[in-house]
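Given only the sequences and the hints, what does the whole structure look like? Please build it.
Residue numbers (our numbering), protein chains in the order written: chain A, 5 to 513; chain Z, 96 to 207.
Keep in mind the hints are simulated off the structure, nothing from the lab. Even for Gly, the Cβ is constructed at its ideal location relative to N, Cα and C. Each hint can be trusted.
Here are the simulated distance ranges between beta carbons:
hint, chain 1, residue 1, chain 2, residue 2, range
1, Z, ARG187, A, ILE462, 33 to 39 angstroms
2, A, ALA211, Z, ILE171, 25 to 31 angstroms
3, Z, ARG187, A, GLY207, 49 to 55 angstroms
According to the in silico footprint, chain Z covers these stretches of chain A (three or more CB under 8 angstroms from chain Z):
hint, region
4, 138 to 150
5, 169 to 180
6, 185 to 198
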Amino acid sequence: MWQQHLAILPILIPLFTALLQLLPWGDRPQPKRRALGLASSILTLVFAALLLAHVNQHGMLVYALGDWPAPFGIVLVLDKLSTLMILLTAVLALPVLIYGCYAEDNLGSHFHALFQFQVMGIIGAFATGDLFNLFVFFEVLLISSYGLMMHGGGKFRVRSTLHYVLLNLLGSALFLISVGTLYATTGTLNMADMAEKVALLSGDEAALAKAGGFMLLAVFGIKAAILPLHFWLPQAYSTTTGVVAALFAIMTKVGVYSIIRVYTLIFGPEANELTWLAADWLWILGILTLIFGIIGMLGARDLRLLVAYLVIVSVGTLLATYSFSSAAGISTALFYLIHSTVITGALFLLADVMALERGKTASRIVTGKRMANHNTYAVMFLVASIAIIGLPPLSGFAGKLMILQAAPVSASGFWLWGTMLAATLVMLIMMSRTGSKMIWHTLQGKPNDQSAPMGKRIAIGVLLSLSLVLTIFANPIRDYTDAVADQLLDTQTYPNNIIPKRNGEGQYE
Amino acid sequence: MEALFSVTVGVLTACSVFLILRGRSFPVVVGITMLSYAVNLFLFSTGRLTINGAPILGTNTEYADPLPQALVLTAIVIGFAMTAYSVILAVRTRGEIGTDEVNEQDSGESSR
Chain A
5 MWQQHLAILP ILIPLFTALL QLLPWGDRPQ PKRRALGLAS SILTLVFAAL
55 LLAHVNQHGM LVYALGDWPA PFGIVLVLDK LSTLMILLTA VLALPVLIYG
105 CYAEDNLGSH FHALFQFQVM GIIGAFATGD LFNLFVFFEV LLISSYGLMM
155 HGGGKFRVRS TLHYVLLNLL GSALFLISVG TLYATTGTLN MADMAEKVAL
205 LSGDEAALAK AGGFMLLAVF GIKAAILPLH FWLPQAYSTT TGVVAALFAI
255 MTKVGVYSII RVYTLIFGPE ANELTWLAAD WLWILGILTL IFGIIGMLGA
305 RDLRLLVAYL VIVSVGTLLA TYSFSSAAGI STALFYLIHS TVITGALFLL
355 ADVMALERGK TASRIVTGKR MANHNTYAVM FLVASIAIIG LPPLSGFAGK
405 LMILQAAPVS ASGFWLWGTM LAATLVMLIM MSRTGSKMIW HTLQGKPNDQ
455 SAPMGKRIAI GVLLSLSLVL TIFANPIRDY TDAVADQLLD TQTYPNNIIP
505 KRNGEGQYE
Chain Z
96 MEALFSVTVG VLTACSVFLI LRGRSFPVVV GITMLSYAVN LFLFSTGRLT
146 INGAPILGTN TEYADPLPQA LVLTAIVIGF AMTAYSVILA VRTRGEIGTD
196 EVNEQDSGES SR
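Okay, here's the thing in structure tokens:
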């Protein structure tokens with residue numbers, strides 16, 4: 005029976021590790037904190053993998069906290085989508101933490117504890133089945149991200165953190181308003197229960213729930229960086245340290261996940277008057293986000309900024325694909341999500357080591373000195389570029405091909421084809437330009453003698469090799485994401501797994 | 096009572112939006128604090144307004160919905176901590192950059 009507790013372990017492990025890491029730990033605390041952090045990340049990864057295997061085999065895991073039954077107490081709902089996202093978080097966090105252990109954590113205090121809290125918040129947001137609990141986990145991940153974004157200090161970082169904090173405080177206020185509106189109309193906060201209640205609404209109440217639903221879209225839009233709400237992202241991601249930016253690669257995906265969850269389950273196929281509430285908006289905004297990302301990439305004069313715009317492009321692609329509301333659309337979007345998270349994470353780290361080894365020219369896209377490990381980075385940059393652009397043979401190609409196949413034969417499908425292929429061309433141009441300037445055209449004279457530690461390069465290599473894994477195992481992974489999409493779209497039976505059945509008198513059994 | 100309540104929430108929100116749209120960090124922080132008050136009041140009202148009702152079912156015919164009260168408590172705690180943090184951050188920014196203009200552009204190309 006211990007397997008049922010797998011549901012909460014990926015949240016508890018980072019939580020308790022972070023608390024331990026906050027202890028003083030004597031004169032040289034850093035090695036101990038590193039050991040704790042690494043142990044925790046490895047354990048989280050192991051348990052996340054076990055959890056996925058368990059859920060895949062035995063079906064959805066519903067964990068009632070404090071043993072209060074579902075619509076009254078808070079439940080963690082570990083379905084196929086949640087476990088996939090949790091595993092992805094754990095897979096990204098470990099190499100990023102290894103990278104961080106190479107003196108990156110000395111740039112500011114409590115890096116390790118904040119890192120673990122961040123991981124806990126992200127995993128919690130993926131695991132919870134309760135809308136208000138989702139807000140609480142959003143706050144956990146936001147508060148630790150405020151701390152992490154400041155990591156390393158400096159003028160620009162402080163300012164971009166201030167912008168980020170103020171914007172997200174506004175987002176939190178909006179989140180509360182929309183949760184309140186939805187609670188007032190449906191009388192529940194459990195997402196599965198809310199899905200059943202929303203289907204019964206009509207008239208004025210449906211209009212109120214609609215308002216709540218759209219406000220929620222704005223909140224998730226801030227997190228996911230959808231078009232009118234994305235302006236914080238390039239500045240924030242390009243000014244913070246590489247290791248933090250790499251971890252933040254999963255943060256926009258928390259927004260995307262929340263959109264997929266809420267607008268498939270609550271406002272999905274069974275929502276009566278509110279069926280597919282956000283699909284039309286997500287379609288237009290997704291395409292516009294994609295186009296904006298392309299324009300941003302063309303204007304980027306810094307590798308880190310370029311990668312930040314790549315994140316925006318991936319978000320646009322994901323949402324436009326999701327908005328087709330078909331099983332194939334959701335499944336391919338999820339495949340692309342895994343790929344883009346891992347590769348943008350690797351690119352942020354790569355930009356960071358390249359900036360270190362280039363010295364004065366840092367990560368600006370200009371001709372500079374040769375780097376100490378020039379050839380390694382050249383190969384890594386090539387691999388990362390091929391993956392992110394979507395050239396064969398790496399995972400980006402598989403992901404984009406699947407998305408293009410999933411696009412319906414209609415006007416919207418052709419729009420997606422056009423913008424995605426244009427985005428690919430621009431990515432190709434920009435990555436080639438960046439590679440030529442930073443790696444091919446170097447200044448004469450001896451290379452820079454500052455060399456990044458081996459471990460950092462290995463961490464990047466591990467992340468990049470995941471792209472290869474994604475390509476080789478594309479078929480089983482696609483089968484899994486297909487299963488995820490089927491489970492998501494099965495909104496008629498889905499709530500029955502979470503909410504206990506009621507007998508004739510309306511009492512819960 | 097409902098009218099008075101909704102006017103209060105509305106005025107608070109309107110004032111906070113006005114303050115948030117200012118270009119300096121101090122009014123923005125005050126505006127966000129005010130917005131969180133408005134949001135807390137709003138959340139409180141989502142369980143419907145009742146007078147003289149204990150939030151316990153079964154002891155009285157008049158009862159209040161306990162859930163929004165719990166939500167408001169959580170929101171107050173988080174909001175309070177975040178206000179403190181943003182004040183500190185605003186002071187720090189003021190110290191490092193020398194102005195509290197939110198969008199002070201001193202050099203466009205910034206990396207580290």
